[in-house]
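Counting with full-length UniProt numbering, you get residues 1 to 274 for the letters of the sequence shown.
Read the hints as simulated data drawn from the structure, not as lab findings.
All C-beta atoms in this analysis are idealised placements derived from N, C-alpha and C, irrespective of residue type, glycine included.
Check each hint, because a few of them may be wrong.
[Claimed, not checked] Derived DSS-like pairs (lysine-lysine); straight-line CA-CA distance at most 27 Å:
no., residue 1, residue 2
1, Lys88, Lys155
2, Lys237, Lys247
3, Lys221, Lys237
4, Lys221, Lys155
5, Lys221, Lys152
6, Lys223, Lys89
7, Lys88, Lys223
8, Lys221, Lys89
9, Lys152, Lys107
10, Lys237, Lys88
11, Lys88, Lys107
[To be verified] Cβ pair distances, simulated, as ranges:
no., residue 1, residue 2, range
12, Leu241, Ala21, 43 to 53 Å
13, Thr131, Thr71, 46 to 56 Å
14, Gln240, Leu116, 35 to 45 Å
15, Lys247, Arg38, 41 to 51 Å
16, Glu91, Leu26, 42 to 52 Å
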Amino acid sequence: MATFHPSKTEMDGDRISQLPADVKDLIMECLDTRDAARVAVLSTQWKDVWLRHGRLVFNYRYFRRRRKPSTFINMVTNILMLRSAPVKKFEFLYAAVDVRDRWCKPKQSDVDQWCLFLSRNGIEQLSICVTNLTEEGCYNLPHCIISCSTLKRLKLAGFLLDYPVTAGLSSIFTHVTSLVFVGVVFIHTVNGSTITIVPNLEELVFQACQGIHNFVISAPKLKSLTVSFSRHIAEWKWFQLHFPVTKSLSLSVDVLSVSIFSFIKCFIISNLLL
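Turn these sequences into a full structure, and let the hints steer you where they fit.
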């Protein structure tokens, strides 16, 4: 009777499939999201590993070269909603390249759906960057992200933040250590001023933002403040809120409407008083 001897390839495949679950998870984390999804399609034994994969990165510019752009948002939503384990990292990058891309960007309802799911599923690092938008095309930041208790790092581009939305809370972004805003528009539609605490914030970055003087916060642990290409914020008193604790200050000259020497003097004096 003939004896069946498995090929070396089959044996190697069996060895890989028998790896401990935590090792498989580490292997999956070394792959980009597109390749990780392919592994699950090619091998049913890795399907469960893929479904609990919690570090998702979607880059539209890379995706648009390979498939119809209209399928991109549906793909992101479907992959996200199938997660069977916490999603610790979610990164969405969208930059319109030509006219047809305008019809393929996410809607506000898509962003709301993603954020609600992520806020309930352990998100720690969130980046949603949608560029080439007018102010009218900016997204509103869902309340669930502002109050999310697991979020530690947040980067936003193409959003609008209405400060009175946060003013009713004594603290916001309670566990966030890093906030990066790119092309974000801050507005204040209610009279009066309110200072809201961001208790664990260590890094705060504004790049090409509008109206950051409307984002009035107290960040007792702030170490680094960066403001670049954000015009019309000239009130140095806005910065003075952060001087007592800030260790690193990075500014582009265009953000100042007062003498830069007076501004630096205020910064130095504030730190000498520590």
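Verification of the supplied hints:
{"no.": "1", "hint": "Lys88 <-> Lys155", "in the structure": "holds, 14 Å"}
{"no.": "2", "hint": "Lys237 <-> Lys247", "in the structure": "holds, 17 Å"}
{"no.": "3", "hint": "Lys221 <-> Lys237", "in the structure": "holds, 19 Å"}
{"no.": "4", "hint": "Lys221 <-> Lys155", "in the structure": "holds, 19 Å"}
{"no.": "5", "hint": "Lys221 <-> Lys152", "in the structure": "holds, 14 Å"}
{"no.": "6", "hint": "Lys223 <-> Lys89", "in the structure": "holds, 24 Å"}
{"no.": "7", "hint": "Lys88 <-> Lys223", "in the structure": "holds, 24 Å"}
{"no.": "8", "hint": "Lys221 <-> Lys89", "in the structure": "holds, 24 Å"}
{"no.": "9", "hint": "Lys152 <-> Lys107", "in the structure": "holds, 25 Å"}
{"no.": "10", "hint": "Lys237 <-> Lys88", "in the structure": "violated, 37 Å"}
{"no.": "11", "hint": "Lys88 <-> Lys107", "in the structure": "holds, 23 Å"}
{"no.": "12", "hint": "Leu241 <-> Ala21: 43 to 53 Å", "in the structure": "holds, 48 Å"}
{"no.": "13", "hint": "Thr131 <-> Thr71: 46 to 56 Å", "in the structure": "violated, 21 Å"}
{"no.": "14", "hint": "Gln240 <-> Leu116: 35 to 45 Å", "in the structure": "holds, 37 Å"}
{"no.": "15", "hint": "Lys247 <-> Arg38: 41 to 51 Å", "in the structure": "holds, 44 Å"}
{"no.": "16", "hint": "Glu91 <-> Leu26: 42 to 52 Å", "in the structure": "violated, 19 Å"}
In summary, the numbered hints that this structure violates are 10, 13, 16.
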